[in-house]
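Heads up: the sequence lines are chains A and B, in that order.
So the mapping is simple: the numbering used here equals the position in the first sequence, first residue as 1, plus 281.
So the mapping is simple: the numbering used here equals the position in the second sequence, first residue as 1, plus 100.
Fair warning: there could be bad hints in the mix.
[Said to hold, decoys possible] Keeping only pairs whose Cα atoms sit at most 16 Å apart, straight-line, the calculated EDC-like set for lysine to aspartate or glutamate is: (1) B:251 x B:232; (2) A:359 x B:138; (3) B:109 x B:121; (4) A:460 x B:104; (5) A:460 x A:406; (6) A:359 x A:421; (7) A:359 x A:320; (8) A:460 x B:250; (9) B:109 x B:119.
By construction, these hints were calculated from the structure, which means they are not laboratory data.
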Amino acid sequence: MYATADMLLTSPAPAAPKQSHETAIEVVLVRAVLEGDRDGFARLYDLYAPLVHGILLARVPRAEVDDLVQDIFFHAFKKLHTLRESSSFGPWIAMIARNRAVDFHRRSRETVAINDELCGSNTQDSRATEILELIRNLPEAYRETLVLRLVEGMTGPEIAARTGLTAASVRVNLHRGMKLLREQLGFMEGL
Amino acid sequence: MNDDYLWDKTGEPDPQVQELEEILGTLRYQPRPLQIPENLPLPRRRNYFPYVAIAAGVLLAILAGGIWLSTRSRGNEPQRQAAVTPPAPVKDVTPSVPKTPERKDESREEVVAVHKHRPKVSTPVLSKREREEALMAKEQVMIALRLTTEKLSLVHKKTQNTNPANQIKNQHRVG
Numbered sequence: 282m283y284a285t286a287d288m289l290l291t292s293p294a295p296a297a298p299k300q301s302h303e304t305a306i307e308v309v310l311v312r313a314v315l316e317g318d319r320d321g322f323a324r325l326y327d328l329y330a331p332l333v334h335g336i337l338l339a340r341v342p343r344a345e346v347d348d349l350v351q352d353i354f355f356h357a358f359k360k361l362h363t364l365r366e367s368s369s370f371g372p373w374i375a376m377i378a379r380n381r382a383v384d385f386h387r388r389s390r391e392t393v394a395i396n397d398e399l400c401g402s403n404t405q406d407s408r409a410t411e412i413l414e415l416i417r418n419l420p421e422a423y424r425e426t427l428v429l430r431l432v433e434g435m436t437g438p439e440i441a442a443r444t445g446l447t448a449a450s451v452r453v454n455l456h457r458g459m460k461l462l463r464e465q466l467g468f469m470e471g472l
Numbered sequence: 101m102n103d104d105y106l107w108d109k110t111g112e113p114d115p116q117v118q119e120l121e122e123i124l125g126t127l128r129y130q131p132r133p134l135q136i137p138e139n140l141p142l143p144r145r146r147n148y149f150p151y152v153a154i155a156a157g158v159l160l161a162i163l164a165g166g167i168w169l170s171t172r173s174r175g176n177e178p179q180r181q182a183a184v185t186p187p188a189p190v191k192d193v194t195p196s197v198p199k200t201p202e203r204k205d206e207s208r209e210e211v212v213a214v215h216k217h218r219p220k221v222s223t224p225v226l227s228k229r230e231r232e233e234a235l236m237a238k239e240q241v242m243i244a245l246r247l248t249t250e251k252l253s254l255v256h257k258k259t260q261n262t263n264p265a266n267q268i269k270n271q272h273r274v275g
């Protein structure tokens, strides 16, 4: 028996202080970079690379993800002065990553499908690739949240803080996405 | 079983979620150094303050100049008006003098003379013959004007009657 969406929505979010602390760090770092501190951007990269990696992994082939992460941070570095709110760095770079994934599919539709099948070198890896494929077939709202939680190991409050989504929607997405994934996995094992 | 473990990894662990974490953890982000060229210029937030300040300064200078000019011209106007008070003889003389084209020019000069603060205006006295000639000339001008008016009205009527198509076109355009 699982919690209903209503139960999830009314539960308190215990990680609120951590969220504000992270936001404060990102504000300080963004300001430092804009004042000429190049190392500040390296720290922003360390903080947000897993988020960008997860967003891309939910959308594009694994083989392309690492290069795209680099591209996105390079682009973000050049365009950082256009960011109006320093506290919105997470949602901003998440949006860049989503847009870049869309661009990737627009540019290379024919070469996408086969790449992930080549990646599975051992059984654990191939099993991971299969499950990732199942997650990618879930509705868009669930796949990103599930990848960030199950692949990148982020907690729900962390996902909310970094993507700019509300904690309630992240919790609902996690719950419903996990439910759908369990159904899919049961269906797969039944075969 | 509740969803706390899925939400924030607290509470009773969900074995299925744990298994998925273990399997999918192999795909997790592996830290790689960020490669940004050293020669790439640092992003700087554009500071528009100097440009705005310059623009505001120029605007203020223009406004101040405009206000100064307007107050200056207003300050001069009353003096001119006071000096312009037309002298009595001018009013008396101008209606009695018959107006010929040459006289018009003279009267303009008189007005200018008034603005130039010349109170005394010389009033030419015409002899009887000159006055008759002037009246004749006036009559001729009046006849010429009447003729011209008649001709113009005739032309106007002709143009209106001969081109009904144009009227329709114009109506279409208006409509």
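Structure versus earlier hints - violations, ascending order: 1, 5, 6, 8
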